[in-house]
Amino acid sequence: MNEQISVAGIYSPPFKIVVKYFIAAIISFIIFNLMLVIDYKSISGHHFQPKILSINHILTLGFITMIIFGAMFQLVPVVLEVKLFSTILAEIQFWIYTFGVILLTYKFYYFSSNLSFVLPALLLSLAMMIFTINIVISMTKVKKWNITGSYLASALFWLLITALAGYLLSKNLDKPFIKINHLQYLKLHAITAFVGWVSMVVMGVSFKLIPMFTLSHGYKLTLAKWSFVLINIGLLGINWIMHYPDTGFYNLIFGVLIFSGIILYLIQIFIIFKKRIRKKLDIGLKFSAFAFIMMGFSLLLNFSFLFFNYESIKNLTLLYGFTVLVGYVSFLIVGQMYKIVPFLVWYHKYSSKVGLQQVPMLKDMFNEKLAEIQFYLMIAGLVLLVPSLMIEIEILVFISFLLFALSSFIFGYNMITIFRS
Amino acid sequence: MLNKEITKEDVIDSLKSVIDPEIGINIVDLGLIYNISINDDLIEIDMTLTTPGCPMHGSISDWVKRILELSFPEKKIIVNLVWEPVWTPEKMSEEARKQLGI
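Read top to bottom, the protein sequences are chains L and P.
Quick note: the first sequence uses numbering that gives the first Met the number 0, first residue 0, plus one each step.
Quick note: the second sequence uses numbering that gives the first Met the number 0, first residue 0, plus one each step.
It should be emphasised that the hints constitute simulated quantities derived from the structure, not laboratory data.
Be aware that one or more of the hints could be misleading.
When the alpha-carbon atoms are kept at most 20 Å apart in a straight line, the in silico EDC-like pairs for lysine to aspartate or glutamate are as follows [unchecked claim]: (1) P/Lys3 x P/Asp61; (2) L/Lys219 x P/Glu83; (3) L/Lys279 x P/Glu94; (4) L/Lys40 x L/Glu90; (5) L/Lys352 x P/Glu68; (6) L/Lys352 x P/Asp40; (7) L/Lys352 x P/Asp12; (8) P/Lys74 x P/Glu8; (9) P/Lys3 x P/Glu83; (10) L/Lys278 x P/Asp19; (11) L/Lys274 x P/Glu93; (12) L/Lys219 x P/Asp19; (13) P/Lys90 x P/Glu8; (14) L/Lys279 x P/Glu89.
A short list of chain L residues far from chain P (calculated; beta carbon distances all over 10 Å) [what the hints assert, rightly or not]: (15) Ile136; (16) Gln183; (17) Met211; (18) Gly217; (19) Ile232; (20) His242; (21) Phe269; (22) Arg277; (23) Ser303; (24) Tyr319; (25) Val353; (26) Val358; (27) Phe374; (28) Met389; (29) Ile394.
What you are looking at is a predicted structure, and each value in this text was computed from that prediction instead of being measured.
All C-beta atoms in this analysis are idealised placements derived from N, C-alpha and C, irrespective of residue type, glycine included.
Required output: the full structure, derived from the provided sequences and hints.
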């Protein structure tokens, strides 16, 4: 198989559009960490209240999903070797989405304000639909399909289901109409968002990026395929049975399918890491490796919910939320950003100068020492947060959040350094 | 008097200045260059990448073309990106292995 090279970066979308999403996400991440410090009292008090929903959505929509959008605009074209259908749609989506995130988190924060939940939910759903259309049309042009493509396609489906459940919940908050327990919908919204959308993207992309960064070779992706099947059947099942009463047994079965799928995924990742040629993990991969460990840990925690009654432990939902959203997802995203952002900027600024002048290496584009400090600050914050939340010592919760905030400033500083280099 | 004849070693020397910015190792030591053929007016390179679908796809081979055009302006340069045989770590030089700590 042979191909002639014409121009560089034929598949890459414009730098500007990806960067816009990334910058908005980095700002959201810092705001999220600041909000934790400002509102530490309401967080350490009760585990379910509007302010927590607001802060949670700053992280999940403002940071996590925003990053995924930006990263997918960049990665779908290069991984599937296809051009992005429309950068104009990506631009329109950005503004609708950002406005939606601001309105929704504002409304959650000031719960009693006059703003309806429906408007922000509609804006967010619209933005997600535009995104899906843009990526799906791009995908129809793919010549060589691969496992990453399958994961990303199913992630899009679950994104729309998440948006639909979120929209129904928003209508219900305005004027209750859902006949079955609306907390069921909330659970569905969270599971579909976390497993179907975020994790499916993370998994699919990791099969491409982790071997690329670690130079892993000589492994098969069999487990990845099984993981894909099990998780999707599990999610379909849970979405289906939720509409019927007394489904505890089926819930358990579909739950076990999802757990098994994630375990197979983790084994697959472990195999890839084992087969790596670059033995030394750089800071981006350290963050990622820690994230995978936390993914396994949160899975164990989740699995144990089925067998033990934890009612005696307060704030467990919150603790679980931090383990998953900070320990697993945020660590992974921060780690991958330390790999992807330098590449994007380098590609944009230096690619055309190779051979004509001295160009930097990617690792020289940010302060790796500071990134290491950020890594340990985040771990320290997480380790301190667990007992502090469980035994409800406000001042310790506050200190954990301060450590998080400090680490997010370092992250922001390093990202600015990369963009300016 | 004819120009000094271009040898494979000259081409390899030029190619060594193309460094993968992520790994920090040049493409020759990484074992990405599969074949170099030099004719009267043409230099043709067959090269691969460590992973198909790598974001560097296109750019590394463009750099190769540019550097060779600068080094050997009298020659036409053709760079073919090939995926067979698949790149394996065994294709790396001793030097590259040392740098990666293998």
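(message) When the structure is checked against the list of hints, which entries are broken? Sort them ascending.
(response) 1, 4, 6, 9, 12, 17, 18, 22, 25, 26
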